[in-house]
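Novice: Each protein sequence line maps, in turn, to chains A, B and C. Under my numbering, think of the first position of the first sequence as -2, with each following residue one higher. Under my numbering, think of the first position of the second sequence as 427, with each following residue one higher. Under my numbering, think of the first position of the third sequence as 427, with each following residue one higher.
Certain hints may be false.
Each computed BS3-like pair below joins lysine-lysine, with the alpha-carbon atoms no more than 27 Å apart [unchecked claim]: (1) K552(B) <-> K503(B); (2) K574(B) <-> K451(B); (3) K494(C) <-> K119(A); (4) K66(A) <-> K536(B).
On the chain A side, residues computed to face chain C include the following (Cβ under 8 Å) [unchecked claim]: (5) L140; (6) E142; (7) L143; (8) K148; (9) V151; (10) E178.
Ranges between beta-carbon positions, derived for each pair [what the hints assert, rightly or not]: (11) L177(A) <-> R556(C): 16 to 22 Å; (12) P528(C) <-> P567(B): 25 to 31 Å; (13) D442(B) <-> K547(C): 26 to 32 Å; (14) I63(A) <-> R474(B): 57 to 63 Å; (15) K553(C) <-> L177(A): 45 to 51 Å; (16) L585(B) <-> P86(A): 55 to 61 Å.
Read the hints as simulated data drawn from the structure, not as lab findings. Beta carbons: idealized from backbone N, C-alpha and C, even for Gly.
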Amino acid sequence: MSYEVKLDIFEGPLDLLLYLIRKNELDIYNIPMALVTEQYLEHLEMMKALNLDLAGEYLVLAATLIHIKSRMLLPVEEGTGEAEEEQDPRAELVRQLLEYQAFKEVALSLDKRRMLDRDVFKRVLPVEEIPDEPEEAMMEVSLFELIEAFKQVVERMDKEDLLEIDTERISLSDRINEILEDLSREQSLSFSDLLKASRTRKSVVYTLLAILELMKMRVVRAYQSDPFGPIRIFPAVEEATDG
Amino acid sequence: MDDMRSVVEALVFASDTPVSVDRLKDVLGEVDRKAILEILQDIELEYRQRRGGLCLMELAGGYQFMTKTEFSPWIRKLRGIRPVPLSPAAMETLSVVAYRQPVTRQEIEKIRGVDVSGSLKGLLEKKLVRIVGRKNVPGKPIMYGTTKRFLEVFDLKDLSELPTLREITEMEE
Amino acid sequence: MDDMRSVVEALVFASDTPVSVDRLKDVLGEVDRKAILEILQDIELEYRQRRGGLCLMELAGGYQFMTKTEFSPWIRKLRGIRPVPLSPAAMETLSVVAYRQPVTRQEIEKIRGVDVSGSLKGLLEKKLVRIVGRKNVPGKPIMYGTTKRFLEVFDLKDLSELPTLREITEMEE
């Protein structure tokens, strides 16, 4: 095996796969799965041997390649119509590769454009020219800056204060706000849907805590139509009732 | 009129971001947009013809004085900077954001096939990408889009100037 | 020689401080000081004669392009309507109000660890923060929250669109 390429130059598993297709001069619409899978796995072995940080995505694609390869080995079933012939097991992978390739090309052409601070330079305002904030000035701020500022505040706090206003409590109040927001739109929410929307175990816990907190505050009520029926959450008060 | 030309030149020079015709009109008052545009084009031509170190460029919805590209090695030497502002990974993430905006992190990761949180954060810090809202699907993921600075950095008048993305032909064809 | 003149012009333009002849010599290499000085004087003369908005000025031991003084009222007018960023202190106070609202000044100060009356006043003046009530504790301190203008400035539909701390820390991993 002669590998004259550096292995850490790939931007991800799709990039590595595209490289193999190009290197072997293969037709992207008709990828020989056995060959490509074998070479892909060889590259992974090399990367492991060199102790390169092998991101999980590389392994996921390896599993996908092996799966597609095995499906292609299966004999075509009797009586397959044309509709099923279209179901090439490689179709989704090819679509993904083409899409990625298109973006890779675009990234290269963007990189070739006349770029500020690389090819052209503008004047940097001398410090004394940067104006004070006029009172009625328009503001140019981004959300990212706002949250970064908040993160810095939180990071600077001592551990003791953190216990009081910690990230978990922040997540909890986020979840409470989300549920209230959803409730104002949907009138009622099913308990199981609320939990389904939480993808991590932590967020399931927050959802539960948020609902309990809202019930304790008498902001929402939970109803169940029969002992094993679905639980639904309703706002505790009618919106129109004032004071 | 000759004086107005000098005022426009001074105004464009004094700004560190591209100055739009509308903004110049706000400052200048009675002059109409067409006259301002003519002045800008006239200045652009003069700088192009005199073969100096500067040029007037139209980008990101406005006009700005810039150094000509051929002098970039000298300026990098003066400023002591290397010519690698963005990594290939950052460029790929930026491209997906540019063409698919508003787009969520998950959608970018599906296309690139890798975790993009690092490159996304770098792009937010460089103000090339911004948060534009949340997608109305479960989990309400944050959506991202490009900024005006993105146009400025890549010498684009607007997003329609982006190079066309190659059409993906279906496998069956 | 003509080309060297353009290089010098580009270098002086791209520098944020006056550039000295010595500094230019460092960058340009083989050219001698006298030749550089001649080029600078030549550029200075050209800008003086062409009656535009700019001039090359010798100051603080170096050379710098500047707008001519007679145009400064126009430039001040342009700057007056220029979007400005919030100061880091104001940004931090605003972030605490946004994420902890309704919140009292004392609570913000406990979190930020500094006196915030100044930045809070600025935010009230900019109409990013408003008084939302009084807290039912001894002394009845004023509670603050964000305004509709805050949502407009940050391009948010409502407060639920604020990114959570969790979403941002995820990016670092």
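Novice: Taking the closest Cβ pair, is V151(A) under 8 Å from chain C?
Specialist: 7 Å, holds
Novice: Taking only the CA atoms, is the gap from K494(C) to K119(A) under or equal to 27 Å?
Specialist: 19 Å, holds
Novice: Using the C-beta atoms of I63(A) and R474(B), is the stated range 57 to 63 Å upheld?
Specialist: About 59 Å separates the Cβ atoms of I63(A) and R474(B), which means 57 to 63 Å holds.
Novice: Identify whether the interface hint at L140(A) stands, where standing means a beta carbon of chain C within less than 8 Å of its own.
Specialist: 5 Å, holds
Novice: Does the alpha-carbon distance linking K552(B) and K503(B) stay inside the 27 Å limit?
Specialist: 22 Å, holds
Novice: For the pair L177(A) and R556(C), does the Cβ-Cβ distance stay inside 16 to 22 Å?
Specialist: Holds: the Cβ-Cβ distance is about 21 Å, inside 16 to 22 Å.
Novice: Is 45 to 51 Å a correct range for the gap between the Cβ atoms of K553(C) and L177(A)?
Specialist: Given about 25 Å between the Cβ atoms, the range is violated.
Novice: Any CB of chain C closer than 8 Å to the CB of E142(A)?
Specialist: 6 Å, holds
Novice: Just to be sure I understand the hint, the distance between the Cβ atoms of L585(B) and P86(A) should be within 55 to 61 Å; is that true here?
Specialist: With a Cβ separation near 37 Å, L585(B) and P86(A) fall outside 55 to 61 Å, so the hint is violated.
Novice: Please verify whether K574(B) and K451(B) have alpha carbons no more than 27 Å apart.
Specialist: Since the Cα atoms of K574(B) and K451(B) sit roughly 20 Å apart, the hinted pair holds (cutoff 27 Å).
Novice: A range of 26 to 32 Å was offered for this pair. Does it hold for the Cβ distance of D442(B) and K547(C)?
Specialist: About 29 Å separates the Cβ atoms of D442(B) and K547(C), which means 26 to 32 Å holds.
Novice: Under the criterion of a CB-CB separation shorter than 8 Å, is L143(A) in contact with chain C as hinted?
Specialist: With Cβ-Cβ at 5 Å, under 8 Å, it holds.
Violated hints, listed in ascending order, are 15 and 16; each of the other numbered hints is respected by the structure.
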